[in-house]
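For the sequence shown, the numbering used here gives the first residue as 1451, with consecutive numbering after it.
Treat the hints as calculated values from the structure; they're not laboratory data. Watch out, some of these pointers could steer you wrong.
[Unchecked claim] When the alpha-carbon atoms are kept at most 30 Å apart in a straight line, the in silico DSSO-like pairs for lysine-lysine are as follows:
no.	residue 1	residue 2
1	K1991	K1928
2	K1954	K1990
3	K1990	K1928
4	K1513	K1587
5	K1716	K1921
6	K1991	K1921
7	K1980	K1921
8	K1991	K1954
9	K1954	K1980
10	K1643	K1588
11	K1921	K1954
12	K1506	K1587
13	K1506	K1588
14	K1980	K1928
15	K1716	K1506
16	K1716	K1643
17	K1991	K1980
18	K1990	K1506
19	K1643	K1587
20	K1954	K1506
21	K1980	K1990
[What the hints assert, rightly or not] The calculated label-pair distances, taken between Cβ atoms and stated as ranges, are:
no.	residue 1	residue 2	range
22	N1690	E1959	33 to 41 Å
23	E1592	N1780	20 to 28 Å
24	T1966	T1536	53 to 61 Å
25	A1790	Q1868	43 to 51 Å
26	T1648	P1808	19 to 27 Å
27	N1974	Y1786	38 to 46 Å
28	S1477	N1713	42 to 50 Å
29	T1648	T1680	44 to 52 Å
30	T1556	Q1944	35 to 43 Å
31	Y1932	L1847	23 to 31 Å
32	N1713	G1578	44 to 52 Å
33	V1970	N1810	46 to 54 Å
34	A1856	T1648	26 to 34 Å
35	P1808	N1757	41 to 49 Å
Just so you know, even glycine gets a beta-carbon here, dropped at the ideal spot from N, CA and C.
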Amino acid sequence: MKKIIVLFLVIVNQLQSQTVGLTQHSSGTLDDGYVLFAPNTSNNTYLIDKCGKQIKSWNSAYKPGQSAYLLPDGTLFRTGNANSTTFNAGGKGGVVEKIDWNGNVTWSYTISDATKCQHHDAKVLPNGNVLVIAWEKKTNTEAIALGRTSTLVPTFLWSEQILEIQPVGATGGNVVWEWHLWDHLAQDVDVSKPNYTTIASNPQLLNINYGASATVSDWIHMNSIDYNPTLDQIVMSSHNLNEIWIIDHSTTTAQAANHSGGNSGKGGDFLYRWGNPQSYNNGTVANQKLFGQHNARWIEAGLPYENQLMIFNNGAGRTGGNYTTVEIINPPVSGYNYTATLPYLPSTPSWIYNSGNPNNLYAMNISGAQQLSNGNVLVCNGPSGIFTEVNAAGTTLWRYINPVNATGIMSQGTTPTQNTVFRCTFYPSEYSGFSGHVLTTGSTIENTNTVSAACSLTLAVSDTDLTNEIKVYPNPVKENLYLNFGNLDFAASQIQIYNALGQKVYENEVNNTEMTIPVVNYSNGIYILKINSNKQQFTKKVIIE
């Protein structure tokens, strides 16, 4: 086996303080992978290793609007800020785009006009379509007609919508599914209006008067969206109402505008909500759990706390003082629905980081967190541009400070300012998006002749000489994948297959010069096959149809 040991040994210049880049790298970190982030004030998106070395960057015509992801085919999916003057609020975007590995924009689509604007987050579905959050402008007349108190409505009220866009060509797109919050509002102040009801007994609907203000148009301020392919459901986060909501995506657009249909039988109504039972008259401030939260996301299968929800609970306005926690909750899902105990369960999280603020963490806005395969959690303190990796006990093992701000690349020793980052994401080295690409370790992003902290990585690298010796066929494959090792001795070696999320879906021991692996029950997509022995390693991208 060919193994490259990448070793960075550092003598830190005592006259130069460590202010940006890598500042901590302790044992126990998950190093076999890379971190992607898009600084809010930059047109660039960066990929770094866990030593803070730049692996790759992509340039865009836009600053983020706000999220960025690396797709399973190696494409960068990025939101862009189109500088809408109609929807001029934090998190505004207006553009979604795909940039290939070589930096070419292969698709750019605008969702920004006088009536709507994409903002904050977007999600690429397994079928290649894109879910976007978009503000939707309504007049005060429309709001009053649905029961908004007339003294608590601005000239224009921004509702929220989710659009599913099918990319077409280089700049086109078809809206193939949509959901509008406006179709799922209720009120209890005007019996003459069509949506008059008892709020406490109808939590599937949103009270149009909760959080109402005569001066705030951005009433809901959704800031994240995620998709669960097993349940075919969407989770979204409302910053201003301190809640997360889950809806059914299996509906038609017509069903999504109503109250029945889809796997759940409930159309586009809320299937579940959590964080602030005051919003549906089932609690008081003492029952509030979320405070200006971001990045509600399902934890992928195969990871610790799989299928539960991780939430970055920013903590703005938290009872007892402002501080941030990262929380995992286990929603009471039953089939495609959720146990309707009110207020919605759970009453306590499955796991919580920074309870009581022992780490003195407070990220007022933006930010996010991600569950890692080794049980650690990657935390992005967005306002400070600080990424940390903490273990299950809450101990910080890794720390990196974004060295990019509004003026460009900062130098080591410079006090970081305006280096905010909406979110960062870790991708394991097995992630299919890296397959077929050369990942070259460069220098640090920051301007310096020294590295911020001592760091060493041991990264396994495929022995490309084996490519012509080991036969893997057919590829693409539908039912059975066949392996032939020829004259190579891989006896007792381990065969592993990873899906596009980096999750291990198959493992076995080599027991012959030829092997058959049934894949008929695997979902269609790109997988990575790895064979490890004490002497050599082989990797191969496999497409299952």
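Against the structure, the hints:
no. : hint                      : verdict
1   : K1991 - K1928             : 14 Å, holds
2   : K1954 - K1990             : 14 Å, holds
3   : K1990 - K1928             : 16 Å, holds
4   : K1513 - K1587             : 24 Å, holds
5   : K1716 - K1921             : 50 Å, violated
6   : K1991 - K1921             : 12 Å, holds
7   : K1980 - K1921             : 13 Å, holds
8   : K1991 - K1954             : 14 Å, holds
9   : K1954 - K1980             : 10 Å, holds
10  : K1643 - K1588             : 17 Å, holds
11  : K1921 - K1954             : 21 Å, holds
12  : K1506 - K1587             : 39 Å, violated
13  : K1506 - K1588             : 42 Å, violated
14  : K1980 - K1928             : 19 Å, holds
15  : K1716 - K1506             : 45 Å, violated
16  : K1716 - K1643             : 22 Å, holds
17  : K1991 - K1980             : 9 Å, holds
18  : K1990 - K1506             : 22 Å, holds
19  : K1643 - K1587             : 21 Å, holds
20  : K1954 - K1506             : 26 Å, holds
21  : K1980 - K1990             : 7 Å, holds
22  : N1690 - E1959: 33 to 41 Å : 54 Å, violated
23  : E1592 - N1780: 20 to 28 Å : 38 Å, violated
24  : T1966 - T1536: 53 to 61 Å : 59 Å, holds
25  : A1790 - Q1868: 43 to 51 Å : 46 Å, holds
26  : T1648 - P1808: 19 to 27 Å : 42 Å, violated
27  : N1974 - Y1786: 38 to 46 Å : 22 Å, violated
28  : S1477 - N1713: 42 to 50 Å : 45 Å, holds
29  : T1648 - T1680: 44 to 52 Å : 34 Å, violated
30  : T1556 - Q1944: 35 to 43 Å : 37 Å, holds
31  : Y1932 - L1847: 23 to 31 Å : 42 Å, violated
32  : N1713 - G1578: 44 to 52 Å : 21 Å, violated
33  : V1970 - N1810: 46 to 54 Å : 52 Å, holds
34  : A1856 - T1648: 26 to 34 Å : 50 Å, violated
35  : P1808 - N1757: 41 to 49 Å : 28 Å, violated
Of the numbered hints stated above, those contradicted by the structure are hints 5, 12, 13, 15, 22, 23, 26, 27, 29, 31, 32, 34, 35, listed in ascending order.
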